[in-house]
Amino acid sequence: MKAAVIVFPGSNCDRDLQVALRSAMGAAPKMVWHGDSDMPDVDLIAVPGGFSYGDYLRSGAMAAKSPIMKEVVARAGKGVPVLGICNGFQVLTEAGLLPGALMRNAQLKYICKDVLLKVAANDTAFTQAYDQDQVIRIPIAHHDGNYFADDDTLNELEDDNRVAFRYCDAAGTLSEDANPNGSQRAIAGIFNKNRNVLGMMPHPERLADAKLGGADGKPMFDGLVQALG
Amino acid sequence: MKAKVHVTLKNGVLDPQGKAVQHALGALGFDGVDDVRQGKFIELELTETDTAAAHAHVTDMCEKLLANTVIENYSIEIAEP
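If you're matching them up, the sequences are chains A and B in order. The first sequence begins at 1 in the numbering used here and counts up one residue at a time. The second sequence begins at 1 in the numbering used here and counts up one residue at a time.
The following block holds chain B by itself, in its conformation from the complex (with noise of 0.2 Å):
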């Protein structure tokens, strides 16, 4: 089954690049963007067929490699096979 995994900046954390972003769309003439966050989307493909166990795996992934939980946050969604 497949895992997707977004990681995000906490609040409170600054974005540099997402204020970059933000200011270069409204260069474009996007008015209305009150805020930018970048953030990274990865998705996973995985052998394990129970949703309960893949969520708990991607968790303990989350938490030993794929963020850093000093600044980032994370989300999990398992895509059903």
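Isolated chain A, as found in the complex (with noise of 0.2 Å):
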């Protein structure tokens, strides 16, 4: 398999994603300047976390309208996988690849935790390694992950099965004390229509390897390499 990071000003977590990726494949990702339009063939596209332009007008519009932007909306187009994490999901909602929005977190404050996170749909390369339904420990680290959309968007993607992450407790229950951001019905991240693209706040890299204290993130980097080759 082979991948590229993209890289904006202000982004923070693309060394992370580095690390996972390359440690799941055997070899480094390419790391993409967001100024550069030419992007390498790859089979997986990563946008990672941080603040991408100061979170300016709003978190992840400037980087939307970056020139790698456009040929990572038109990769996607052709089905190549394409993983936000974080201001990586928010980039990919303003760049129109994935329905809804982030919002400023309910109780307003910057939340940096481990969460827990139900598994909501296990049939994508992204989450194929993990069951269904299974309950993993994931950081999040935002100010803006409140996700929300409007009730014929939320019925859509719970119809058509592509809520792929839910906030839950430790048996796997939703309820209101186990969303840390007031996101509507639980979603901490959702595929497209043609499931080759997820969003999703919490940050896997920050848990793929036991060393740094969890590695519940790292079946997504190894269930996509299994796929992708």
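Do not take every clue at face value.
[To be verified] With a cut-off of at most 20 Å between alpha-carbon atoms, the simulated SDA-like pairs for lysine to any residue come out as follows:
id, chain 1, residue 1, chain 2, residue 2
1, A, LYS2, A, GLN226
2, B, LYS4, A, LEU57
3, A, LYS65, B, GLU63
Hints in this document: simulated from the structure, not taken from any laboratory. Keep in mind that this is a model prediction, so the values were computed, not measured.
From these two lone chains plus the hints, build me the complex, please.
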């Protein structure tokens, strides 16, 4: 598998993603600067977390208009898997690859902590190495992670089984207490219609190595390598 | 000419910042504030001199960048030079 990690001014999880991908792939992903319009021929495009462009205007809004994103949108349309994590999720919604928007956390606070997620759909390259409904521990670190979409969009996401992860408690139950940011229907990550684009607020790349305190994020990268060769 | 753009959250979109401001106003003794909605005000200095053309141009800017129409409405005011 060949992968590219997009780097914007203000990205700060690009190196973590590089390490997680390199460990799973056995080869380094290509780091692609946002101002480039040439995208190498890759099997996976990863859009990392951070504060691209200082979150000016809206989180992800400026990055979504950068030259490389035109190519990311075009590749996604051709079926190339695209993974957006945290700010990457915000960028993908602003670029129109995923529906809805990430709003200010309901409690208005920046939250950095491990949360529990329920795997809501394990039939994609991103999630196939997890069990359906498996509860995993993954960190979040965001101020704008409150997923919002109108009711029609939310119903469509659920009808199409496009919710990837939901915030839950240790028993896998959804509750207001287990939802850290006020996201509609406890949504932590979603797929596009063709299931080749995943956006998620939690950071699997930050717990992808037991030496760093947990490895629940590792199956995502291993699963991608399995699926994409 | 100058264009003034107001970007506001759509009805039905929760505004936790507006709620916090409302709460703070109440705490300061300002009674009778039923609701607070927070938005953005953007001022643009344009070289365009035709009002209709300027309006169309700024509408395009709002659709493509200045507003996120999933959650926000926008209104445009073109100030005559």
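To see whether the hints hold, each was checked on the structure:
The straight-line distance between the Cα atoms of A:LYS2 and A:GLN226 is roughly 12 Å, inside the 20 Å bound, and the hint therefore holds. Between B:LYS4 and A:LEU57 the CA atoms are separated by roughly 16 Å; this keeps the pair inside 20 Å, and the hint holds. At roughly 13 Å between alpha-carbon atoms, A:LYS65 and B:GLU63 fall within 20 Å of each other, so this suggested pair holds.
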